[in-house]
Every structure is written in C-alpha cells, then in structure tokens.
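Protein chains in written order, with our numbering: chain A, 1 to 278; chain B, 1 to 274; chain C, 1 to 296.
Quick caveat, the hints were computed from the structure, so don't treat them as lab data. For clarity, every value in this text was computed on a predicted model and none was experimentally measured. Every residue gets a Cβ at the ideal spot worked out from N, C-alpha and C, and that includes glycine. Keep in mind that a hint or two might mislead.
Stated by the list, open to error - Counterexamples of contact, computed for chain C against chain A with all Cβ distances above 12 Å:
| hint | residue |
| --- | --- |
| 1 | 10 |
| 2 | 61 |
| 3 | 77 |
| 4 | 138 |
| 5 | 169 |
| 6 | 279 |
As the list claims (entries may be wrong) - Computed beta-carbon distance windows for the label pairs:
| hint | chain 1 | residue 1 | chain 2 | residue 2 | range |
| --- | --- | --- | --- | --- | --- |
| 7 | B | 246 | A | 80 | 48 to 56 Å |
| 8 | C | 181 | B | 7 | 25 to 33 Å |
| 9 | A | 178 | B | 97 | 28 to 36 Å |
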Amino acid sequence: MNFKKAAAVVSIMLLIAVAAGCARNAGSNAAKETVLKIAGSTSVFPLVTEIAEEFMKENAGYKVEVQAGGSNVGIESVKNGIVDIGMSSRDLTREELDSGLKPIVIAYDCIAVVVNPSNPVENLTLEQLRDIFAGKIKNWKEVGGLDKEIIVVNRDEASGTREAFHKLVMGDVDFRNDAIIQPGTGQVKSFVASTPEAISYITLGVVDSSVKAIKIDGVEPSLETVKDASYKIQRKLYLVTKGEPKGLAATFIDYCLSDKIQEGIVKKHYIPVKYVEK
Amino acid sequence: MYRWRKFINNFFIGLTWIASLVVAAVLTYIILYIAAKGVSYVNWGFITGWPKGFEARGGIFPIIVTTFYLTIFSALLVTPVAVGGAVYLTEYSHPASRFSRIIRFAADTLSTVPSIVYGIFGFAFFVVYLGFGWSMLSGSLTLALMILPLVLRSTEEAILDVPRGYREASYALGATKWQTVSRVVLKAAAPRIVTGIILGMGRAFGETAAVMLTAGMAINLPVSVFDGGRNMSSHLYLLATEGISLEAAFGTAFLLLMIILIFNLSAKRIAKRM
Amino acid sequence: MLKSKEQAFHEAIRHKEALIQGFFVLMASFTILGLLLLFVYITREGTVLFKQVSPLEFLFGKDWKPTSGNFGTLPLIVGSVVVTAGAVLISAPLSLLVAIFLAEIAPKKAAAYIKTAIELLAGIPSVVYGFMGIIVLVPIIRSFFGGSGFGIVSGWIVLAIMIMPTITSLSEGALAAVPDRYRYGALALGATKWEMIYKVVLPAAKRGIVSAIILGVGRAIGETMAVLMVLGNVPRLPESINQPIATMTSIIALDIAYASGMHKYALFSLGFVLLLISMAFIAIVRIVYKGSYGKN
C-alpha cells in the first residue's frame, strides 16, 4: 500500500474521530428534555417503576427509562452522567457526597429477613441472625428449626441492601464467604421461595406469600414498627442526583414526594417519608 | 479373532448412533419444552402488549421492537464494512500482502473475543467515553463489531467460490474491475453473502451480555438512536433469574427461539439458491 | 499537451477505479480499526491496576474481595479452568462420535437431520441454555447431589451442550476432507468399518479435530450468560464438585455495572487476560493448522 492510500485512510479516520466527538456532545444534549434515565437499587426499583408508570400516564410526551442493577450501579451511573437519577437503598459515603451527589429520601423501608414458608422458625434474635450470616450457626436446629443445614443467600456487592444489612445487623463481623450470591431482590426472593433451607434478606416492599418474613427480637416488620423504631433493620430509600436536581429530574422527584404518591406507596409496604419524619 | 473385531466394530458404530440420537433428543427436548410452556402465553396480546408493573407481567412489545431495532441497525452498520473488507481481500489485494494479513489476523482475533469483553469495551468506549449512554447506538455499534468477523468470513468464502471463469469472461468482454466486481462477482455471490448477514443478525438477535451493558436494561420503546432499551434475551435473563413471572419468561423464550430458528432456516434456504 | 478523448476517458475510469478501490481499502481498514480500538482500550483500562497490584498477586492471589481491596483472581481463573475442562471432557468424545456418525456412518437422510439439529443447536442463544439450566437441570442436580443445585456440575453439563455444535461441525469438516482413497485402501486390506475409521481416517483428520477441540475450549472459556445463570457465582476455590463457583466471565458481568475505582480496573484487567487468552488460542490453532491456512 503506497503512501497516498495510507494518507487517505488516515485522514478519513481522523474525520470520523472528529465526527464522533461532535456526536458525543450531540448525544449528551439530545432528548435530554423529554427523556429521564433512572437506574440503581433493586429494592427501590419496584417502587420507582410504578411511580414512573403513573408519571408517564399523567405527563404524555415524557419518557422515563428505569432499570435496576443495584444501588452501586445507580450511584456510579449518575456520577458518570449516564443516567439522570440514581436509586440507592443505602446511605451515601463521605466520598460520594463530596463528589457532588445529592441524595433525596423518598421512602423508608424495612429489610425483611425471609425464609421458605415451610420453615417452622418464626423468630430470631439479632445475635442469632448475625451468627447465621457469619457462619457461626450452621444448622436450623440450633435456632429451633429442623435438622437441616442453613443455606445462606447473600446479595451481590452492587447491592445497597447488602450494605445496609451489613451495617445494621453484622456490624464489624464479616459475612460467611461461601454464601450463595444472587444479584437482585427478585432473584433472592425466588431462590428462598424454592429452597426450604434458605434464608436471606429483601425489602419488605416485595414480600408476598411465596416467602415468609420472620420476626427479629419478637418484632414484626411493618409500618408501625418502623415509625416507632422497634424494628431495627430499617433504612431510607434515596433518589440521587449529581448536584441539585434540575429540569425533568426535579419534576419527577417532586412527583415522588407528592402527597398522592406518598400515600400510595403504603399499599406496597413502603413507608412514606412524612410518616416517620413527623 | 474376527468375531472380536466385528464386536468392536458394531459396538463403536452403535455408540455413534447413540451419540447422535442423544444430540437430536436434546435439541428436540429443548424446543418442545419451551414451546409447550411458552406457546400458551404467546398470543397477539403478548406481542403487542406492554409489560405491567415492575414484575413485567403482560406483553413484551417494546422489548420486541428493541431487539429488532438493535439487530437491523447493527446489520446496517456491519454490512458495508464486512462486505467491503471481504471484497478488498478477495478482489483487490494480493493475498500475501502485509495489509491483508493484518486484516485477516484482526478478523480472526475479533472472532474469538468473548462477548463480555465486547460488552465492557462497548460500555467503557461508547457508553461512557463517547457519551452515547445506554442507547441503541452504543448497542448496535458494539454488536456490529461483534458480528463483523462472521459476516466478513462468510462473504469472503462466498466471493471466493465464484468461479474464476466468470471474472475472466467479464474482463474479456472489456469490463473494468469495478464493473466485474459489482455486476458479475457480487451478483453471483449475493445469496451466500445475504446468508452470512442473516446468520450474523441471528447472532446479534440473541446476544445478552454485550447488549445489557451498552443498551441498558430499561424497558422502553426506542425511537431515537440515543434511546435505551431491553432486548428479548436480556428480558429472558432478568425474568428467569427473578423467577417471578415464569409464564412471561417462557413466552419470551419461545418467541426468541422461534425467531432465531426462522433466521437460521431462511439463511439456509437462501444459500441453497446458490 | 492536450489529451485525446480516448485518453481522457481512460483516465477518468482509472480515477473512478482508484476511488472505488480506496473505498474498499477504507472498509477493510475499519476491521483493523475495530480490533485496534478494542485492544487499545482494554489494554489501557486493564493495565491501570498493575500500578498498584502486582500481576503475580493478581493472577495467583486467593482472595477476591474487591470492595476490601483484594484482587486475587486465582479462584476465578481456577473456576474458568475447572468448568471449561469438565465441559470439554464431556463434550469432546460425544461430539467426535457424532462427527464420525455424520461423516462416515449415517445414511444420507439421517445425516441431514442431525446436521440440521446441530446447526439449530448452534444458533440457540446462551440465555436460553441458561434458562433451561435453571428450570430443568438445577433441580435435577439438587435432588441427586443435594445442595442448591447451582454449581460446577450444572455448569459442566450446560457448557458441554453449548460447545458441542462447534466441535462437531468442525470435526465433521475435518473428517469429510480426508480423501476417499484412504478409506478404500483400508477396506481393501480387510479392515472393518470401525477399524478403518479409528486407524486411518481419524489419524488423517487429527489436525482438524484438534483445532476443533481447541476452538471449543475457546468458546467455553468465553461463555458468560449460561454460566452466570447456573454456577452460583461464589468466587472461591472449589473443594468439591457440588459447589457454587465463579468464572472470570461471570464476575465481570456481575460487577461491571457498579464497580468503581480499582474494582473497575480489576475487571478490565480480567477482560485483558481474557483477550490475551483469545489471541493465544488463535495462535495455537494457526500453528496446529500450519499446512492449510484459510481452510477454516
């Protein structure tokens, strides 16, 4: 291949590189006004998806794209500018706050500890729970159940629920390192629903008859026990933006905090903000 | 002595029969199982309806559209490059030249790269660096790169199979190189080139990892190339691992399987016309 | 000097032809551009980690706890190797038997059916295999072996089925390429059909079959979705075969969307390793196939 051909090819490639750069800017601005991209926590996902459906019904012409992936996905993506709002089921770290991310509470949430409906165990103390997840207690009979090995299911590391559970239940103790990992709220639920010896933790918002939520220290997870803080494993659910929310993102967040929506989330076992922060 | 040899002979030949029957059985089982569980869920409402709620019961219309959007867009992107590259390699270049050996090496290497590596590349480059975000554009560009080796190779083989006599006759009649290539060679190779493209599209249609990382996972009806969306394979993955709406999962799996089988069978049909 | 009309005409055609050729050169260059971009990017992101963590520690460390700063990928590499090895050991003999059936034994009609079956199996997306794995295979493994059913054994079976079309079709091609006179020669000497296959045809097709198996291995190592769905994804060195395990590919898929900082670079380093492995496979196949280049 002679010099002329090489020069031609290289110059065309440079042209394409420049075009790509322009497209990059175009892409950032295109459709920003009417499309809202949200990603993040699999615990917040069920809530926000339904809110988004309502939002789109009432505001024709706007599109809200919601996807899960885990709290860390939401935070990382909103930091990188890939999405407008990140969903998080854990508190932001100092570094995340310092990098300009702003969290807004849209609901409170119980982390329910769930077992298979066939499991006779109804209650665990916080210490027992910790020991089970740390691997110190390995058999159900040690906590009043059947003589079966406990199958511990943990969330993946993208999970804000895992972070929150770690903070609230485990403290400084590590999770046992041979627990099965499931990458999402739904996956955990279906695993526990189909495995008699399983135990795990999911947001109360998705608990249904396929799994059984057990009491912790005699306290059942519910709206009331969150309000009076007797159910210890509770946390805030956030929508996170980079900097102060603007434009469509701000509109949507306000919508989430509106009375109509906040009253509606009770039906889904999520706890409205005002209920707790009276 | 002969009887022992005969026994060995029949034994191993019998084994090959069994092996092949096992293979046929596995395929049949997979297709029938999914068909049985999925066909009842797939009706017009499923295909044209929208998923409801976060558990995605209901239809999968936006997901079907996303899948076709990505597949067709990536085919459009890959065809000029793959066909053009193949034409260059077969018609215009000296087979032993440095340049064509580099191209072949590039194509061969690209063909063994795992799809997840395409995914992280697409994510880092198209989604984040170029700022396209989770979009049809990022997804199709990544898919195009992924199926490029496949289409390139099959186009190359199609062109090489065109008998030399065709070209010689064309030149003898005074045609220029371009006239020969476009009106004689490509015309003759066309059915098999199209087959290659269809097979590539079939591959793109069923891709999961690379698409989830570049087109995102939001359920959406994509209009602009900057819109994100979820394709059928990703939907199946998410439904399967969540285990909530298994009926929708089977319905999606059934549709996915059927469409890909149609892709493959029509590719074969077209190739036969060669 | 004025050009005659004829000269001008020929010049114009030459220009046009040169432009067209340039267009094709450009298209071909895109292939190189694609690989270059991929390679450069993965390498760039993949080697950042090695400023802080030594490659030896990365490849041989036993602890994969990226959020606490441990980037030992040995469990993942071992995971990939174990799952791939088992799948190939199961699949290769089976695939070879089918290939022999197609090339030597099957009556025309049966061969056509089986060939179609293989092609269709090749076209089934990996998610569907993973899906069948979860729905059908995992419960079976659970009832036979106990535990959760997710783990190495499920991975072996699913992966073996997935790479079978690759090995079978390539081996069948290699067998079909053996000249008939080899076969007739053996039969004329009084060999049974199987003896002819085993002692003459197979050795003659050795190179092609070995390449087929190597490509099957390459496919298995690179598989992501199906293994992600049935392996259980626990990044730990396995102690028994009825245990969940993770592979390089499945960890990348699980972590990439949310990883940040060194964790993200570690995943790219894993991707970099996978890329190097892929390139190594191509090189190996080429060496094995030294005689017949372009035969693939």
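Tested hints:
1. 10: Since the minimum Cβ distance to chain A is about 20 Å, residue 10 of chain C lies beyond 12 Å and the statement holds.
2. 61: holds (14 Å)
3. 77: holds (18 Å)
4. 138: Contrary to the label, residue 138 of chain C does not stay out of reach of chain A, its closest Cβ about 10 Å off (not over 12 Å).
5. 169: holds (34 Å)
6. 279: Since the minimum Cβ distance to chain A is about 23 Å, residue 279 of chain C lies beyond 12 Å and the statement holds.
7. B/246 with A/80: 48 to 56 Å: violated (35 Å)
8. C/181 with B/7: 25 to 33 Å: holds (28 Å)
9. A/178 with B/97: 28 to 36 Å: violated (56 Å)
The structure fails hints 4, 7, 9 (numbered hints given earlier, in ascending order).
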